[in-house]
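Following the hints, put chain B in place on chain A, whose structure we already have.
Listed below, chain by chain, are the residues.
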Amino acid sequence: MSRLRNALLAGTFAGALGLWIASAAMAQELSFSQVERGRYLATASDCVACHTNIEEGGKRYAGGRGLETPFGTIYSSNLTPDEATGLGGWSRDEFYRALNEGISRDGSHLYPAMPYPHFTKMSREDADAIFAYLRTLEPVTAEIPENALPFPLSIRMSVAGWKLLFFDKVDFAVDPDQSQEWNRGRYLVDALAHCGACHTGKNLLGADKEDEYLRGGTLDNWYAPNIRGGVNGGLADWEAEDIVRFLGEGRSRHTAPMQRMGEVVGLSTQHLRDEDLMAIAVYLKSLDDAPREEAEAPAQARLETGEAIYFDNCAACHSADRSGVPDIFASLESSNKLTAEDPATVIRIILGGARAQQTEAVPSQIAMPGFAWKLTDQQVADVVTYLRAVSDRKAGPVSAGEVEDMREHLEEK
Amino acid sequence: MTKQLPRVDVVLVGFGWTGAIFAEKLTAAGLDVLALERGPWRDTPSDFATTFAQDELRYYWRHGMFQEASQDTLTFRNNSAQTALPMRRWGSFLPGNGVGGAGVHWNGQTYRFLPSDFVARSHNEERYGPLPADMTVQDYGVTYEELEPHFDYFEKICGICGQAGNVDGETIEGGNPFEGMRSDQYPNPPMRMTFSQDRFAASARALGLNPFPVPSANMSRAYVNPLGMQLAPCTYCGFCEKHGCGNYSKASPQTTIIPVLMQRPNFGLRTNSEVLSVEKTPDGKHATGVTYVDTSGEVWFQPADIVILCAYPLQNTRLLLLSEIGTPYDPRTGEGVVGKNYCYQVMSSATVFFEDEYTNGFVGAGALGMVVDDYNGDNFDHSGLGFIGGGYIACGTTNARPIESHPVPEDVPRWGSAWKRAVRENFLKTTSVGVHGSSMAHRSNHLDLDPTYKDVWGRPLLRMTYDFTLNDRRLTEHLTPVAEEIAHGMGGAHVKVNARRGSYDSEPYQTTHNTGGTIMGTDPASSVVNRYGQSWDLPNLFVTGAGLFPQNAGYNPTGTVGALAYWSVDAIINRYLPDPGPLVRP
Chain A
1 MSRLRNALLA GTFAGALGLW IASAAMAQEL SFSQVERGRY LATASDCVAC HTNIEEGGKR
61 YAGGRGLETP FGTIYSSNLT PDEATGLGGW SRDEFYRALN EGISRDGSHL YPAMPYPHFT
121 KMSREDADAI FAYLRTLEPV TAEIPENALP FPLSIRMSVA GWKLLFFDKV DFAVDPDQSQ
181 EWNRGRYLVD ALAHCGACHT GKNLLGADKE DEYLRGGTLD NWYAPNIRGG VNGGLADWEA
241 EDIVRFLGEG RSRHTAPMQR MGEVVGLSTQ HLRDEDLMAI AVYLKSLDDA PREEAEAPAQ
301 ARLETGEAIY FDNCAACHSA DRSGVPDIFA SLESSNKLTA EDPATVIRII LGGARAQQTE
361 AVPSQIAMPG FAWKLTDQQV ADVVTYLRAV SDRKAGPVSA GEVEDMREHL EEK
Chain B
1 MTKQLPRVDV VLVGFGWTGA IFAEKLTAAG LDVLALERGP WRDTPSDFAT TFAQDELRYY
61 WRHGMFQEAS QDTLTFRNNS AQTALPMRRW GSFLPGNGVG GAGVHWNGQT YRFLPSDFVA
121 RSHNEERYGP LPADMTVQDY GVTYEELEPH FDYFEKICGI CGQAGNVDGE TIEGGNPFEG
181 MRSDQYPNPP MRMTFSQDRF AASARALGLN PFPVPSANMS RAYVNPLGMQ LAPCTYCGFC
241 EKHGCGNYSK ASPQTTIIPV LMQRPNFGLR TNSEVLSVEK TPDGKHATGV TYVDTSGEVW
301 FQPADIVILC AYPLQNTRLL LLSEIGTPYD PRTGEGVVGK NYCYQVMSSA TVFFEDEYTN
361 GFVGAGALGM VVDDYNGDNF DHSGLGFIGG GYIACGTTNA RPIESHPVPE DVPRWGSAWK
421 RAVRENFLKT TSVGVHGSSM AHRSNHLDLD PTYKDVWGRP LLRMTYDFTL NDRRLTEHLT
481 PVAEEIAHGM GGAHVKVNAR RGSYDSEPYQ TTHNTGGTIM GTDPASSVVN RYGQSWDLPN
541 LFVTGAGLFP QNAGYNPTGT VGALAYWSVD AIINRYLPDP GPLVRP
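In order, the protein sequence lines correspond to chains A and B.
Counting along the first sequence from 1, when you hit position 117 you're at 117 in UniProt numbering, and nothing is skipped either side.
Counting along the second sequence from 1, when you hit position 284 you're at 284 in UniProt numbering, and nothing is skipped either side.
Looking at chain A on its own, in the form it has when it is part of the complex:
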């Protein structure tokens, strides 16, 4: 079995690099393995997260999850092979065209909430394997609600204009100067796991800004931090092994995946092979970033207030010296969420709390409680301002108004 696995692994790797030419005999031999390979690739692509109505306990891959976008709510489609409501009638080519070009079976354009700007880099072999896997699912009849989008976005043709501006159908390009591991990592990050969907800054129309690649992005009032691992990057002080543990076990000495990223780790990355996680880490660690701009220093009085609030409310878990407890309570010395240009995530976690992801490796339910009922907007702003100012990577002050906006957003939810 392990020999077969190794063969598959090699196959996956070579396929990803576009070097593998499958003979007909080999394809026959691997038809079972192709399903297993497709399951793994679908997991790496985290298809199940969007295509399962998790909030309402829907069946896996049966779609119907409402995805909040800045433009309205888009409901995911049913990927099970149901004839009427799922992929039952789809051909392999049609499936590939959806991933590769963002075009649905009937020729209409898919909204880019479906991350085909990333999947377009996926190899044909990998797309076919995912399709083969999806065909093995139990068909579920599940009607998908109408998208809740304002005019003119409700017209799918509007997507054509968007694609014209922002969508390039490109193949994954191997960088021959880099190692196979690095290339594999980049393929996983860009083509499958579509990390940039959250971690890359977006323009006003929701398209990735190239120069913001993996430098952090805001989505649905969460800020997905900078995950570049080189000099000046958000993960500069993470070792590759920290990234592997974070993705694989749901813990690291810096922090744990929570909420949205927790879901990614829970459904996807904890099930990936260590060598793939290491490839992702190696790739991320190779990405340098521009030096940060000098942050405005807050007034001394605010720092003292913030420090007092920190000591009374936060120090019991995060330690008086902000070093946290490795694997349990996050260090606040150099957190990429805390020191992000956009403090949305840290404000949101202080107000609403957050749970570290439970994984197969670490079943503990560690969580931070919400402080919305206990701290005023000004107090939250002061403690965040203090923590940002004394962090290894300094970041500018936060206003009570920013906290108020987030509080209103959370109360509306």
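Hints listed in this document are in silico derivations from the structure and should not be mistaken for laboratory results.
Each residue gets a CB set at the ideal place from its N, CA and C atoms; glycine is no exception.
Accuracy of the hints is not assured; some may be wrong.
Part of the chain B face toward chain A, derived, beta carbon under 8 Å [what the hints assert, rightly or not]:
(1) Asp43
(2) Thr44
(3) Leu227
(4) Ala232
(5) Pro233
(6) Cys237
(7) Tyr248
(8) Pro259
(9) Val412
(10) Leu583
Frame of chain A, contents of chain B only:
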């Protein structure tokens, strides 16, 4: 009308420490296990968040996580000549409720009973001659040596912090020189001690005693247990006992086992489901399952191949009596077994008041303390003393919770400005040396069903008949002066002795260490279950918890409760399942 549910392999009644232990091992062995818990679901993030966990008013004074006395309580009397009356508000002890049970609101002091505690009758009779006729002390039927691997495992599950005194027969300086032989060290080092413990240890050493750190389930450092569960370093906030821990620092079923279980597809849990009775086959020789009621009053029958009682000892006893399993104990004839040998503990203390030095008692933890074991169990010669057993003497800094803690010297008024001034002067300057005395079983102390009072479902309440015995009184009179002497050696200005005098009073809080009622032993005529916790009457019924103790030792019970649970579930998996039937033939 009772509705029938699909059969499961095992049904557990109650979901605290022992329920979690049995469920974890039995699901790992591949069985389908369902736990029924009368109280609500509780987890650390939702229910004990650090922002409100330390709420003394809510959790202690308003009994936030204890059994609801208006639904179900027990009646109490000191002796059979009295009429028992219901305890309408808990006092002397605090039965838990909800997922995690009392394992949520314990202090975390995790001792192993002494080897001689498990053979209390044979050991003491061999050394001192026959015990008095009314002293119904018995051997457990299981020995310390047999339980040792299970003590060790439970300590690793909980991440106990302590200093071993005897590993593989080698005596280790700083540990308990009297403890039974251990196969391993504690998984974590002792907690950091405070001023009070340093003074206590110095005073005890000057008297030739052997102080060692209290084995603690409050973490001295971050720890990962064998199931992969993470525990965080204790912050010494002093809200352990009567509270849940919001910092993941106290071992509880929630922090050590339950999240692992909840991931397993062959485990199920139904909360707010109170078991009314254990059902039997018509010939009365096997349990068929349990009948329970949910909060809407709907009654369900849950069939199961194995039934395990994991509730609090008082509830396990009552459930057997209500289900008419085993012969109820009769104190007049001394015959029968269910409800026999109810025991408690005998507590006394000496408070030390310092004048210039600060003890800062608010820097505390449930199991933060130094202790001497020189007067526990049979660690000293009882010849001519007229009692057996003993207790530990400890200086713990468990808390200075503001509503509960305001010790003042003896000559201070109980209220008014003089009292307030004394509280202010002494709040940061006191500590206490406590005696935690054992309780030997007596013919008259027992549990049965009350003839008058009923619970919200119309079932008779449990009736407790209990008073301190001559053995208890002699014990406390012998040990309290030792505590007083240690206290005097600690350098304070005054010492106030809180002696244990008079009859047992169910009102002031003493300890939630109720034991017996479903005792284990070697003979069906004198015990409810055999050495594996298996019912002598129904071989597919097992009982867990401190109700198994034939008498109570001078320690906190949880360590031994955990070890007995692992011992018992090991017997179910390795002996009972391959060949279901009685594991011991009488």
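Now for the hints, and whether the structure bears them out:
With a least beta-carbon distance of about 6 Å to chain A, the hint placing Asp43(B) at the interface is held under the 8 Å criterion. Contact between Thr44(B) and chain A, as hinted, is supported at the beta carbon level, the nearest pair being about 6 Å apart and thus within 8 Å. A cut of 8 Å between beta carbons decides the hint on Leu227(B): the least distance to chain A is about 7 Å, and the hint holds. Interface restraint check: Ala232(B) against chain A, minimum CB-CB distance 5 Å, threshold 8 Å, status holds.
For Pro233(B), the interface hint holds, since its Cβ comes within 8 Å of a Cβ in chain A; the closest pair sits about 6 Å apart. Among the interface hints, the one on Cys237(B) holds; its C-beta lies about 7 Å from the nearest C-beta in chain A, closer than the 8 Å criterion. Against a cut-off of 8 Å between C-beta atoms, the interface hint on Tyr248(B) holds, since the closest Cβ of chain A lies about 6 Å away. A hinted interface residue such as Pro259(B) counts as satisfied when its beta carbon comes closer than 8 Å to some beta carbon of chain A; here the least separation is about 5 Å, so the hint holds.
For the restraint placing Val412(B) at the interface with chain A, the shortest Cβ-Cβ distance is roughly 32 Å, beyond the 8 Å limit, so the hint is violated. For Leu583(B), the suggested interface contact is broken, since its CB lies about 32 Å from the closest CB of chain A, more than 8 Å.
Hint violations for this structure: numbers 9, 10, all remaining hints satisfied.
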